[in-house]
Amino acid sequence: ARLVDRHTRHGRTPEAALAWARDVDGANAAVIEPTRNRATLVVDGRLPGIGA
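Numbering (full-length UniProt numbering), first residue to last: 1 to 52.
You may find that some hints are simply not true.
[Unchecked claim] Derived CB-CB ranges, DEER-like:
id, residue 1, residue 2, range
1, 22, 44, 19 to 25 Å
2, 14, 38, 33 to 39 Å
3, 48, 27, 25 to 31 Å
4, 18, 40, 30 to 36 Å
5, 14, 40, 32 to 38 Å
6, 14, 45, 19 to 25 Å
7, 16, 42, 25 to 31 Å
8, 30, 9, 23 to 29 Å
9, 1, 43, 17 to 23 Å
10, 15, 36, 15 to 21 Å
11, 30, 1, 15 to 21 Å
12, 14, 47, 23 to 29 Å
13, 48, 9, 31 to 37 Å
If you are wondering where the hints come from, they were derived from the structure by calculation, not from laboratory data. By construction, the Cβ of each residue, glycine as well, lies at the ideal position given by its N, Cα and C atoms.
Full structure from sequences and hints, please.
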């Protein structure tokens, strides 16, 4: 949902945003998933001191 929201805020239609998140962002996630346990840096998308 967060990715789709971001893509719609930047001008994609909701349908195009969903397709992009599924096809492009999803493909990227599939590449990263097998090696995520070896990451030396994890970025969670939150700003320091804001939210939980």
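We went through each hint and held it up to the structure:
1. Separation of residue 22 from residue 44 is about 21 Å and conforms to the stated range, judged on CB atoms against 19 to 25 Å.
2. About 35 Å separates the C-beta atoms of residue 14 and residue 38, a value consistent with the hinted range of 33 to 39 Å.
3. Roughly 30 Å separates the CB atoms of residue 48 and residue 27, a value that falls within the hinted 25 to 31 Å.
4. Distance hint check: the CB atoms of residue 18 and residue 40 are about 32 Å apart, consistent with the given range 30 to 36 Å.
5. Checked against the given bound of 32 to 38 Å, the beta carbons of residue 14 and residue 40, roughly 36 Å apart, stay inside it.
6. Between residue 14 and residue 45 the Cβ separation comes to about 21 Å, which falls inside the hinted range of 19 to 25 Å.
7. In this structure, residue 16 and residue 42 meet the distance hint of 25 to 31 Å, their C-beta atoms being roughly 29 Å apart.
8. Between residue 30 and residue 9 the C-beta distance comes to about 25 Å, which sits within the given range of 23 to 29 Å.
9. Between residue 1 and residue 43 the Cβ separation comes to about 18 Å, which falls inside the hinted range of 17 to 23 Å.
10. A hinted range of 15 to 21 Å is violated for the C-beta pair residue 15 and residue 36, which are about 29 Å apart.
11. For the hinted restraint 15 to 21 Å between residue 30 and residue 1, the CB-CB distance of approximately 19 Å keeps it satisfied.
12. Checked against the hint of 23 to 29 Å, the pair residue 14 and residue 47 passes, with Cβ atoms roughly 25 Å apart.
13. Checked against the hint of 31 to 37 Å, the pair residue 48 and residue 9 fails, with Cβ atoms roughly 22 Å apart.
The structure fails hints 10, 13 (numbered hints given earlier, in ascending order).
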